[in-house]
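S.K.: Read off the chains here:
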Amino acid sequence: MNVYTPILVLGILAFAFAVFSVAAATFTGPKRYNRAKYDAYECGIEPTPQPVGGGRFPVKYYLTAMLFIVFDIEIVFLYPWAVAFDRLAIFGLIEMLVFIITVLVVYAYVWRRRGLEWD
Amino acid sequence: MNILAAVGIEVPFTLPIVDYNAIAPLLILLGAGVVSVLVEAMLPRGSRRFIQLFIVFGALVAALAWIFTITGVRVITAEGAIAIDGPALVMQGAILVLAILGALLMAERSIDPSGDAFAARASALPGSEDEKQFTARGYLQTEVWPLFLFAVSGMVLFVSANDLLLMFVALEVMSLPLYLLAGMARRRRLLSQEAALKYFLLGAFSSAFFIYGVALVYGYAASTQLPAIASVLTAKPGQTSLALIGMALILVGLLFKVAAVPFHQWTPDVYQGAPTAVTGFMAATVKIAAFGALMRVLYVAFGGMRWDWVPMMWIIAILTMLVGSIIAISQSDIKRMLAYSSIAQAGFILVGVIAASPAGLAGALFYLIAYGFTTIGAFAVISMVRDESGEATNLSKWAGLGRKSPFVGSVFALFMLALAGIPLTSGFIGKFSVFAAAIASGDTWLVIVAVVASIIAAFFYVRVIVVMFFTEPGPQTASVEVPSVFTTIALAAGATVTLVLGILPQPVLELVSNADLFIR
Chain U
2 MNVYTPILVL
12 GILAFAFAVF
22 SVAAATFTGP
32 KRYNRAKYDA
42 YECGIEPTPQ
52 PVGGGRFPVK
62 YYLTAMLFIV
72 FDIEIVFLYP
82 WAVAFDRLAI
92 FGLIEMLVFI
102 ITVLVVYAYV
112 WRRRGLEWD
Chain H
369 MNILAAVGIE
379 VPFTLPIVDY
389 NAIAPLLILL
399 GAGVVSVLVE
409 AMLPRGSRRF
419 IQLFIVFGAL
429 VAALAWIFTI
439 TGVRVITAEG
449 AIAIDGPALV
459 MQGAILVLAI
469 LGALLMAERS
479 IDPSGDAFAA
489 RASALPGSED
499 EKQFTARGYL
509 QTEVWPLFLF
519 AVSGMVLFVS
529 ANDLLLMFVA
539 LEVMSLPLYL
549 LAGMARRRRL
559 LSQEAALKYF
569 LLGAFSSAFF
579 IYGVALVYGY
589 AASTQLPAIA
599 SVLTAKPGQT
609 SLALIGMALI
619 LVGLLFKVAA
629 VPFHQWTPDV
639 YQGAPTAVTG
649 FMAATVKIAA
659 FGALMRVLYV
669 AFGGMRWDWV
679 PMMWIIAILT
689 MLVGSIIAIS
699 QSDIKRMLAY
709 SSIAQAGFIL
719 VGVIAASPAG
729 LAGALFYLIA
739 YGFTTIGAFA
749 VISMVRDESG
759 EATNLSKWAG
769 LGRKSPFVGS
779 VFALFMLALA
789 GIPLTSGFIG
799 KFSVFAAAIA
809 SGDTWLVIVA
819 VVASIIAAFF
829 YVRVIVVMFF
839 TEPGPQTASV
849 EVPSVFTTIA
859 LAAGATVTLV
869 LGILPQPVLE
879 LVSNADLFIR
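Sequences listed follow chains U and H, in order.
For reference, each letter of the first sequence is one residue, going 2 to 120 in the numbering used here.
For reference, each letter of the second sequence is one residue, going 369 to 888 in the numbering used here.
Hints in this document: simulated from the structure, not taken from any laboratory.
Note that beta-carbon positions come from the ideal geometry of N, C-alpha and C, so glycine has one too.
Watch out, some of these pointers could steer you wrong.
[As the list claims (entries may be wrong)] For each label pair, taking beta carbons as the anchor points, the in silico distance ranges come out as:
1. H:Pro494 - U:Leu64: 16 to 24 Å
2. U:Trp112 - H:Gly506: 22 to 30 Å
3. H:Ser482 - U:Ala19: 54 to 62 Å
Using the sequences and the hints given, assemble the complete structure.
M.R.: Next up, the structure:
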């Protein structure tokens, strides 16, 4: 049983975080009605009916998708480190810091170049 | 407490050993690239150019200086992924020097009356209202510099990658910025964007071949490290079919980068469409980087399969020399002509690669260095020859140019003679050392074909000289713009090295022969 305690603690932490986030958003966020908010979520555009001519996507989606992949991959690399960070010791910490800082540079660039604004 | 240990899984782990001293030039360049991105993001537009130029030249000079302090280092580091050896250091040094010249060309702002050679905003649609507005506002962008630094970092890593996976990463770090740089020309936007798209699509395709080959070779050798592949090849000499197919696919990816026939189709379009400064930089440095990786893969990993790849490389070398030389004759655009010339030159260098001897390696290294300086100088001249619509790249506009501007005409004639391989220029020594090495290795027939191809190639190089000097200048003859100190330095360096390597080649010949072989 002892072996599974960390997993149990992790589960409780994850659940608590989810409850906290949803509750915090409910209490602190503004509540403005918008019909689009109640539609099924499908990456921003109406899935049906199919638009005439196949539908053209704004190129902005590409930027968002690229950004998503950058940070997604960052997480992918964080996981193995999180599992073995104590063995990787100070070497692993420095390597991960360098990695995170480089990704942060990307973030700073995109933010300053207004890549995060939709219009 | 470690989670894996908690559930009873013991994973042995040792820290990797990295020789930071040996890879410091690479780290300097990558660090400078990151800082350069931050400069683009954080600083106001007006102050960026000065700081970017400071970073770029500072990083290139610092990396070059560091290489001079580690000339004796022969080490495989980063858990076998990076090999810093004689040829790698020579090529890294050559790439850095040529990158300095390329950066000088790209920094030029006196030739084009509307600013520099790069589009005011490359993302605007060609001919659109947006683009006209950005151009009218006189926007000059400095985003080429981070791209430039990352491309150079990729090349520096590419020539010392000792692991096929790392080699693939270096290939992409080198290529992706180059695809973008090719699409940034201020004038003839459509041609430039076409060049970038073609280069990107075909480049991505060739990268896919490369990585597929890596997968097959891994299936054979259970390792992606070049020396490990070599030792498996000696241990299991009988069952090499997977390794053969894998090697062929890897070679497709690498031969694409050196622009060997039949993987050369992108070259003329990209050389023509890219901004001339970028073309010069790319033509000189990518050739060195790609040949470095090609030779390392062939010699270190597949040296034991020499009798399998030599016939294939024979055919490719002969095709490359002949197709490059013959098609160049029919070109009327000087940039396209130099593109086909670069294909033919790749064929000549392949002759040295096929020799697979210390002399062949030294010859190929010398040829690459000589070719790099000559090419970058030739493109510097092309960027200066203009008429009212921009660069005058059509050969008809060059008629009489040598009489109108004798000095620039003579310098360009020197470059043409060097590319043709006339004695007293660097091109002659390069061809001589490569051909001599091939004859010593018993490839006499290949050398005979190469000499025939050289004679064909000499025709179109000399034709440019004839057009420049033996025609009266007419009203449509382009004029030579006076460049700023940037292009002047690059041009002077290109011409000086071309001449000095032709008359006094001994120091560089010693440098490349003392570079030893690739370490395994």
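S.K.: Does each hint fit the structure? Answer for all of them.
M.R.: Taking the hints in turn, this is what the structure says about them:
no.: 1; hint: H:Pro494 - U:Leu64: 16 to 24 Å; result: holds (20 Å)
no.: 2; hint: U:Trp112 - H:Gly506: 22 to 30 Å; result: holds (26 Å)
no.: 3; hint: H:Ser482 - U:Ala19: 54 to 62 Å; result: holds (56 Å)
Going down the numbered hints, you'll see the structure goes against none, and every one checks out.
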